[in-house]
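S.K.: Given next are the chains, with one letter for each unit.
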Amino acid sequence: MRKLILAAAVALLPGLGSSAFAQETIKLGYIDPLSGGGASVGEGGLKTFQYLADEINAKGGILGHKVEIIPLDNKTNPQESLIQAQKAIDSGARYITQGNGSAVAAALEDFVTKQNSRNPGKEVLYFNYAAVDPSLTNDKCSFWHFRWDAGSDIKMEALTNYMKGVPAIKKVYLINQDYSFGQSVRSDARKMLNAKRPDVEIVGDELHPLLKVTDFSPYIAKIKASGADSVVTGNWGQDFALLLKAAADAGLKVNWYTYYAGGAGGPTAIKQTGLDHQVFQISEGIPNSGNQSAMDFEKAFRAKANMSLWYPRAVNQMRMFKAAAEKANSIDPVKVAAALEGMEFDVLDGGKGTMRKDDHQFFQPIYISSFGSRNDKEPFDEENTGWGWRPVSKIDTAQTTVPTTCKMKRP
Amino acid sequence: MLELIVISTLNGVLFGMLLFLLSSGLTVIFSMMGVLNFAHASFYMLGAFFGYQLTRWIGFWPALIIAPLLVGVVGMAVERYGLRATHKHGHVAELLLTFGLAFAIEEIVSMIWGKSPMDYRVPALLDFPAFTIFSTNYPAYKLFMLTVSVLIFLALLVVLKRTRIGLIVQAALTHPNMVAHLGHNVGRIFMLVFGVGSALAGVAGVIAGPALVTQSDMAALLGPILFVVIVFGGLGSLPGAFIASLVIGLVQTFAVALNGSLASAFGPLDPSLGPSVLSDIWNVTIAQIAPILPYVLLVLILIVRPLGLMGTRET
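Listed in order, the protein sequences are those of chains L and G.
Quick note: the first sequence uses my numbering, first residue 1, plus one each step.
Quick note: the second sequence uses my numbering, first residue 1001, plus one each step.
Honestly, the hints are just simulated from the structure, not real lab data.
Mixed in with the good hints there might be a few duds.
Unchecked claim - A short, non-exhaustive set of chain L residues, derived as facing chain G with CB atoms under 8 Å:
hint: 1; residue: G36
hint: 2; residue: L207
hint: 3; residue: S217
Backbone N, C-alpha and C define an ideal beta-carbon position, used for all residues, glycine too.
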């Protein structure tokens, strides 16, 4: 009899243990492309979030709960993303994060808002770490959506503020991907350049299909024919790498002002062009920022993840998530959301950032950096090219603030 | 303007020749066996990945020979153990087999090599600008791609039209039983043709890999346009595929170079109409619709001449 009880207890224990553990875990659904043209970017993001989850878990988790990242492949497709989001929710995730593709982000934001109004008590929060279409925090804004990346209008504001002071820029060519983000880059660039540098001529304005072009030579021929001295592009992933590759083949020498030159394949492509410190990137942080704690983090991250940190904002996101949960003393999404509103935070690369309550957009210092040969203060190179990022200009949080039209509906 | 025209012509011809390298294999297989091989672009991808891997191990030039041979062997195995077994169940079964194969190959490739683009470089020997026109460099490697494509086209034409093997292949196409009665092994001929067709796609993969992109979705990027080429040129017609490849290459390249839209031709739309579907159509440039133009051509040719440019049988 005693043996029987013991056996039953042993048989029951693992079951009890695992269900208790499942309740304990905070599941974060990571919904991004893990196949198709965007896969290289999506896999990098996944590694980053897994590293950050490990970091939090090693320090005891969030309020004692472990964080688990659930990878879900959305193939950069809005429809597929909704299926994956539902899958995340069904497997118990109350938090999802996504970054690649503003069309996907818009679909997810809408989905989460509807989901939460239909299922009170089972709300889901959506952390956006990279989809930068301004409409996500303006006319489409939602209480359930928080964005840690600077919106494309914020980045363009910073970029044009920098370009304003470079008199060598006379003819600008715009080439962007044909979807909501690319379109907002082009219209913001037109508007802001016109206002800040009316003497600059926009000699070309191109939209090409998203992640479908295998050879950019025809586009490069057009840029060359236009006589542009600078190109502004929001291209990312293979669309950036192949664009630069074609430029290198044709021997096109212009200055490139980019949003995502640092993404997978980008640095390799730049090195091939031989454009030393002529490719500029606008971002919320860079490996060689000079900030000691950020550089220590970079070093540890590279050692483990075997890639450079593309998303300093993901670090801010996860650390603020933890801070907000601790402030609210709860892992309930509604309370975490309330705690995040208006929260101030010391960002990875130094300086203060704020999660604006009006539209859930995070404002932070923005850097313009150029890619090329390194000096002794720049320990980090990219993709084994020997070249690295050099800070060119820092735009403080206050100078990145843009107005919002958001009329937030709170639960 | 002249600069743009010259460069676009060069780019268009090059893209066209690459399309031809791919579609030649597809169209030869179709004319031979009546099988539309959905996995053809996957053989192109296999060629690129084999080429990349062999380049790392033994260098580009041996890879250029060995990788297509390997792809050819894979192709022959597919014919011998896959298509031949399903042949008796008719064309639908064969179609489904190649359709499934395309997905299987993509998954296997991404399992082995991952989903990121490979660092497949142009060989150092060809990594220099061949010539400069209007201050634009034309890479030697692209010239090399062009030469290889033209050579293969000529070789195929000679083999099919002027040699005994070509004669037997053509005869087996229309009268397989007669050819078998004359003592030829029709099964082996089919296998060889499938192997050669796949190897051609492999060649295209090896040489296009460094110039374009080598990653696991490259087959899906090029696959659909191949069917446009062979339907446009006429199923089973080699010269037709050649012309269609060039036309589509040039159309796509030149369309990108053009900025014209309805708005620039007829003036801006009355602002009272506001932002609507109509204003979207009015303002879209030819460059923006460039990627769909080949499919428009496909629809047009099917309406006007269902045989394709030089085809001899109904598609």
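S.K.: Please go over all the hints and tell whether each is borne out by the structure.
M.R.: Against the structure, the hints come out as follows:
1. G36: 5 Å, holds
2. L207: Interface hint status for L/L207: holds (5 Å vs cutoff 8 Å).
3. S217: 4 Å, holds
No hint from the list above goes unmet by this structure.
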